[in-house]
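Participant: Whole structure, please, built from the sequences with the hints as guidance.
In the working numbering, each number is its position in the sequence shown, counted from 1, plus 808.
Do not rely on the hints blindly, as some may be mistaken.
Stated by the list, open to error - Under the rule of at most 25 Å between Cα atoms (straight-line distance), these lysine to any residue pairs were calculated in the SDA-like manner:
| id | residue 1 | residue 2 |
| --- | --- | --- |
| 1 | Lys880 | Leu857 |
| 2 | Lys896 | Asn873 |
| 3 | Lys869 | Ala970 |
| 4 | Lys900 | Ala970 |
| 5 | Lys972 | Asn901 |
| 6 | Lys972 | His959 |
| 7 | Lys900 | Phe975 |
As the list claims (entries may be wrong) - Simulated restraints on C-beta separations:
| id | residue 1 | residue 2 | range |
| --- | --- | --- | --- |
| 8 | Gln944 | Lys900 | 18 to 26 Å |
| 9 | Gly859 | Asn879 | 30 to 38 Å |
| 10 | Glu841 | Val962 | 17 to 25 Å |
| 11 | His974 | Ala826 | 20 to 28 Å |
| 12 | Glu967 | Ser850 | 31 to 39 Å |
Since the hints were derived computationally from the structure, they do not count as laboratory data.
The beta-carbon is built from N, C-alpha and C at its ideal position, and this holds for glycine as well.
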Amino acid sequence: MNLVLIGFMGTGKSTVAAYLSRQYDMEIVEMDELLAIQEGMSIPEIFQLHGEPYFRSLETKLLKNLQNCQNKIISCGGGAALREENVKEMKKNGKVILLTASPETILERVKKDTSRPLLKDRKTPEGIASLMAQRQEKYLAAADFVISTDHKSVAKICEEIAEKLHFS
Numbered sequence: 809m810n811l812v813l814i815g816f817m818g819t820g821k822s823t824v825a826a827y828l829s830r831q832y833d834m835e836i837v838e839m840d841e842l843l844a845i846q847e848g849m850s851i852p853e854i855f856q857l858h859g860e861p862y863f864r865s866l867e868t869k870l871l872k873n874l875q876n877c878q879n880k881i882i883s884c885g886g887g888a889a890l891r892e893e894n895v896k897e898m899k900k901n902g903k904v905i906l907l908t909a910s911p912e913t914i915l916e917r918v919k920k921d922t923s924r925p926l927l928k929d930r931k932t933p934e935g936i937a938s939l940m941a942q943r944q945e946k947y948l949a950a951a952d953f954v955i956s957t958d959h960k961s962v963a964k965i966c967e968e969i970a971e972k973l974h975f976s
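Facilitator: Take a look at the structure:
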């Protein structure tokens, strides 16, 4: 089985993936990193040159290619779970874990990050909350369970994930 981490940017997917990887000796697949390497350009460059639909198609292809993998932690980009086709692929061979955080927490985590094209003109709690609200229904529909990352250590977050998965 794979663990698939979804959620809005800045909710802690990469940090949680790294901790779970060490804890359970699972390999990490950082989807955005892998796609940037495959395309030979950064995520903002892919968005700028080819547009969001092209990028979402790359995510779908990658998720399909990961179906033969076992014992991986797949850290998805913030929009990967917005496509129904992607969610079907995630669920075929994994448990989908939605990580959440408040708009204020997200802003604090991403305020200096310039590599997030969808946040370019939305770096306020209200801008983030608006985009989160647009995605909320699809995130919840995709998730096998939800873990809030607000005001928790990564160890505590991973402990909650392990409890939900019945890991020891």
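Participant: Against this structure, judge whether each hint is valid.
Facilitator: Here is how each hint holds up against the structure:
For the proposed pair Lys880 and Leu857, the alpha carbon gap of about 31 Å is over 25 Å, so the pair is violated. The suggested pairing of Lys896 with Asn873 holds, with an alpha-carbon distance near 13 Å, which does not exceed 25 Å. With a C-alpha separation of about 29 Å, the suggested pairing of Lys869 with Ala970 is violated against the 25 Å cut-off. Proposed proximity of Lys900 and Ala970 is supported: the alpha carbons are some 20 Å apart, at most 25 Å.
Our distance criterion of 25 Å between C-alpha atoms is met by Lys972 and Asn901, whose separation comes to about 17 Å. Note on Lys972 and His959: the hinted pairing holds, with a Cα-Cα distance of about 19 Å set against a maximum of 25 Å. The straight-line distance between the Cα atoms of Lys900 and Phe975 is roughly 20 Å, inside the 25 Å bound, and the hint therefore holds. Take Gln944 and Lys900: their Cβ atoms lie about 24 Å apart, and the range 18 to 26 Å holds.
Taking 30 to 38 Å as the suggested C-beta distance range, the pair Gly859 and Asn879 conforms, at roughly 34 Å. A beta carbon spacing of about 19 Å between Glu841 and Val962 agrees with the range 17 to 25 Å that was offered as a hint. Roughly 22 Å separates the CB atoms of His974 and Ala826, a value that falls within the hinted 20 to 28 Å. Take Glu967 and Ser850: their Cβ atoms lie about 34 Å apart, and the range 31 to 39 Å holds.
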